[in-house]
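Trainee: Take a look at the letters that make up each chain.
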Amino acid sequence: TSNQTPNSFSKFLPAVCFIWQIAMIILFGIFVRYNEESDTHWIEHKKTKRNLSDIENDFYYRYPSFQDVHVMIFVGFGFLMTFLKRYSFGAVGFNFLIAAFGIQWALLMQGWFHSFGTGKILIAVENLINADFCVGSCLIAYGAVLGKVSPVQLLVMTLCGVTLFAIDEFIILNAKDAGGSMSIHTFGACYGLAISWVLYRPDLNQSKRLLGSVYHSDVFAMIGTLFLWLFWPSFNSAICSHGDGQHRAAINTYLALASTVLTSVAISSLSKDKGKLDMVHIQNSTLAGGVAVGTAAEFMLMPYGALIVGFCCGIISTLGYVYVTPFLEKNLKIQDTCGINNLHCMPGIIGGIVGAISAAGATEYVYGSEGLAAMFPMVPRLQGGHQAAGLCVAIVFGIGGGIAVGTVLKLPIWGDPADDNCFDDEVYWELPEDEESHSVILEYNNHMRNKHQDV
Amino acid sequence: TSNQTPNSFSKFLPAVCFIWQIAMIILFGIFVRYNEESDTHWIEHKKTKRNLSDIENDFYYRYPSFQDVHVMIFVGFGFLMTFLKRYSFGAVGFNFLIAAFGIQWALLMQGWFHSFGTGKILIAVENLINADFCVGSCLIAYGAVLGKVSPVQLLVMTLCGVTLFAIDEFIILNAKDAGGSMSIHTFGACYGLAISWVLYRPDLNQSKRLLGSVYHSDVFAMIGTLFLWLFWPSFNSAICSHGDGQHRAAINTYLALASTVLTSVAISSLSKDKGKLDMVHIQNSTLAGGVAVGTAAEFMLMPYGALIVGFCCGIISTLGYVYVTPFLEKNLKIQDTCGINNLHCMPGIIGGIVGAISAAGATEYVYGSEGLAAMFPMVPRLQGGHQAAGLCVAIVFGIGGGIAVGTVLKLPIWGDPADDNCFDDEVYWELPEDEESHSVILEYNNHMRNKHQDV
Amino acid sequence: TSNQTPNSFSKFLPAVCFIWQIAMIILFGIFVRYNEESDTHWIEHKKTKRNLSDIENDFYYRYPSFQDVHVMIFVGFGFLMTFLKRYSFGAVGFNFLIAAFGIQWALLMQGWFHSFGTGKILIAVENLINADFCVGSCLIAYGAVLGKVSPVQLLVMTLCGVTLFAIDEFIILNAKDAGGSMSIHTFGACYGLAISWVLYRPDLNQSKRLLGSVYHSDVFAMIGTLFLWLFWPSFNSAICSHGDGQHRAAINTYLALASTVLTSVAISSLSKDKGKLDMVHIQNSTLAGGVAVGTAAEFMLMPYGALIVGFCCGIISTLGYVYVTPFLEKNLKIQDTCGINNLHCMPGIIGGIVGAISAAGATEYVYGSEGLAAMFPMVPRLQGGHQAAGLCVAIVFGIGGGIAVGTVLKLPIWGDPADDNCFDDEVYWELPEDEESHSVILEYNNHMRNKHQDV
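Protein chains in written order, with the UniProt record's numbering: chain A, 1 to 455; chain B, 1 to 455; chain C, 1 to 455.
Mixed in with the good hints there might be a few duds.
Straight-line C-alpha distance at most 25 angstroms; calculated SDA-like pairs for lysine to any residue [unchecked claim]:
(1) K276/B with Q206/C
(2) K410/B with T325/B
(3) K330/C with A418/C
(4) K49/C with K410/B
(5) K49/B with N51/A
(6) K274/B with L173/C
(7) K333/C with E433/C
(8) K120/C with L173/C
(9) K49/B with L52/A
(10) K208/B with E433/C
(11) K333/C with V156/C
Don't read these hints as lab results, they were simulated from the structure.
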């Protein structure tokens, strides 16, 4: 197995950061320009195009959603993973690093696929949102391997993940997937779980002492949870078509998430002694409704439909933490630090299925004839088929890509932590002195207590 | 008194969550649909209505404010209450639970009152804002009983609170109350204080050891304070009429809050030995200006008027923490954990009075004749009377409803904590092991110190 | 030197808060009114002006950016400075106080300069953004003296800083500076460093025990970092002209910041033993790209241009923390608690230079003839000269003003902490009891350990 001393790490990370960032600059220099709405030629453009005014620039109708999504990516995902007692720096810091790299690479990859032939990638605020989305899938994957890999491994995971995402997205182009249940959540979770499966550590219990939270780290994680929960309506509606589509997606997501909270609490309480609640469930499962309503958020799911989706996913996700995560670890040798299977994989697949069914069942009665044509590129039954196909492609890409990338990451060159050193910021971070003295005191106290007991 | 062992809690909470959520799904199925701006029929609607374009959908002119309000409800209120050393999980977690339930119930209750006769509740982003507002009043009430009630009691409080809010709001329909000084803050605070009065615990000092903060819990609470403070301009302007009304409400709130900070700091410093500052005041009283300017935010209060309102409320609110909270506990037997009397009740009443006076004194000279007609449904003097009546109705509903609900909550069936167990997450949450060992160390140290002193 | 006992503080702070706030009310009463878009006369105004509709009110095209900037000022700056182990209250609390005062004074100062002759200051959302910007410069200056001054000194710093800012801004009016690389960052940092130079404390190492972080204070600081990083695109675009300008500024900032993260991580890792990362760098240097792209954000910098700016500033800023900060302290006697030289001064100057060069090099080929005229008030070469002049003025104002204000603050009347009492919340805040008992335990443990070693 890959228990390198982290010394090989010392020059590797800076080298990767520098070289990749220089590559980004060169590629951006060759390929990336402003589009007509973010270029100074807009002043001429708006005259030619039915006399647009400045306030009709798409910036004003996408930017607030973009900023909400941006908060989710950096604060939401970052803080959600700070729950471990000694890996908060790594959680929020490496999340920051890989997202900052990933959004640049995503702008290129997605740009290339959407601008075949023209030669230039023309960017605007919608591209920024899509780049954030794309990176989101890699941050999900990070959740599965949190504390067990080096930052260089994470950067490689992100490079490959973004690439796979962009290809996957291009293939399933005809499947509607506004909130990315399939392309972001299912793909990202499958990708992360497959990598974690390849990188399986049989002796991980040597780090068991660090695999848990302390009181305040759980409160930090709630910052992540709440900002994800809050801004999820923006996430699912950010790239919907303007007007009723974006409006409806926000409403559906708001409702699905509200419903999820109640069933997550219920199952959490049922699963524990004396009906107590488990912070892990509150931090994670309460978000499952947002994942599952992603694909169909834009559809005429109806308010009660959104509530039902949330209801089911709160149950399934919490049960996942109670039963599926231990099962995966024992029987399938998948170690899933954050339980992304429960928060992203299962709810994402449900979301894909809900999307396929509700697309296949769409009627002119519900949508209106013009509304139906505007919503779906194909007739409902065909659309449903495409949705189902899209889900399968996402799963295949996730698992296949994850196994391939995991195999590369298994090479003993990446400076990942030893089995007894996982979930420990000490490996990659200068820690404040106080922490060390604090642990000295803990040890000292243990020593004294034992002595005391001897007396 | 109601010192149940929390065992009865173990099946009660899941049952309530499940049953109520299923009820929500059924009621939403019967009553709730999308309105014309969030339905696919928008495509036809916009043609018939003076050729609207997609970007004229109301979504774009309410949604940014909605998201700010949403942050306040979940992060703002939730983290503001994390200041207690051992009740941060309960603060942020139960806030999450009851808000997620409350917004669903509020959509129904408010919808029924606004759609008499049509049979269906048609929702859009404005309804989401109103639901958040409605729940806000229940979260205020939670502040009074923080740490002393069970989550089931909180859910009952929310169910009844939302119901009362919707009725109250319907009755005072002709009173303008954009930021809810009366309907949200005064009502919510009276409701919470009345419940706390009924649930008075004479032996609460048995939990005194937990009724305080630690250094980092105070910093967590500042997250709540700042997000409330920051987004309050959005809160007070979120449902104002478009154009100058919304614009002015944001400006007035911005100014009132700035002013409040300075007088809160001043009084806090005067109230303490050596002029030191008290975090409780900084966390809470700095927000009083936002409460008090709620009703009149939309009016031509003038920038200096907003500053004066903030000035006074910073003083009154901080003095409230110094003098009124202890007085209420000793003399009126009202135990108010978060001091909602000082942050919501007194400033809310002031806000109602400011609203009544400034409505009664509105003139064509200041507003312009068209502006005056657009702002108030009635002539100024009559409007002022309606405002004053609205304030009284909010107080009566709050106190009356609170006493009734409190009486129900006093029944010994709800699994609330014992007197020596209040303010303790241990009762309802699985706590991380480290915390326990931490307290072991504390005890051990105390023991050793005593021994050392004996020597 | 000025080692006053903080007793003089006890009545001074309340007096300043009260008197200044009353002065604000009087001055606002005389000078400040709503402008035509936030006044009820808007209803008439919009008819006369080509039949505007309510949703064309500028509120809707500035307010989302305003709220993002507001988060940066209060949460971003406030939490970024919470990294010290025992000064988190002071960081977030005094930041709150001085910002709340400063925005009021900024509305007046900036208003007077922009409304010469009309007699009244007419405010709208754009003024609120400018006031936040202005205060930003003073919060930057706070970073240099964090933990070493009293709140009264901070208020004086803010009063004078805002005044200088407004004059500076008026003088360099013809220089474009959308994100304030020059007027906010360079000026603010020079101002703070000059003050810190005058207030140099040779015996500051007496407080050395408190000049560092603990694990959770570093996580708190990341809240500040991330919200600053996230919303920086809004900061740099908030007051750009509508349409492509605002759009482009957001894109450029997004890219510059992404690039900065990678080079900051790289240099941080290179600078430390075993390639570990330093939280100070991650918290601060990752933001340098946003500072440096401020002036040119609106220009046709091109996406790769933004990446290059970010690339260089991540390197320079991190090297600054490693080499320049110690150098400044030893050789120039400038004690810079937060390292604002590295985050604001050097990147700000770079930003000014980038702005001057890219303005001077602007061509019709790139901008289009109409675009070029719309962007710059002067021909490119002249514009470049004005930009360079603007940078020089900002530096001169910062250093000159800082020396003058620092000299006043050196008077032994302000109640600043003693040399062995710096970076300690104890001086100005009532601290929770637990903290004290915690330090008792630490001392006790040290005592016991020594005893144990003797045995």
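Trainee: Are there hints from earlier that the structure breaks, and if so, what are their numbers?
Mentor: Violated: hints 4, 6 and 7.
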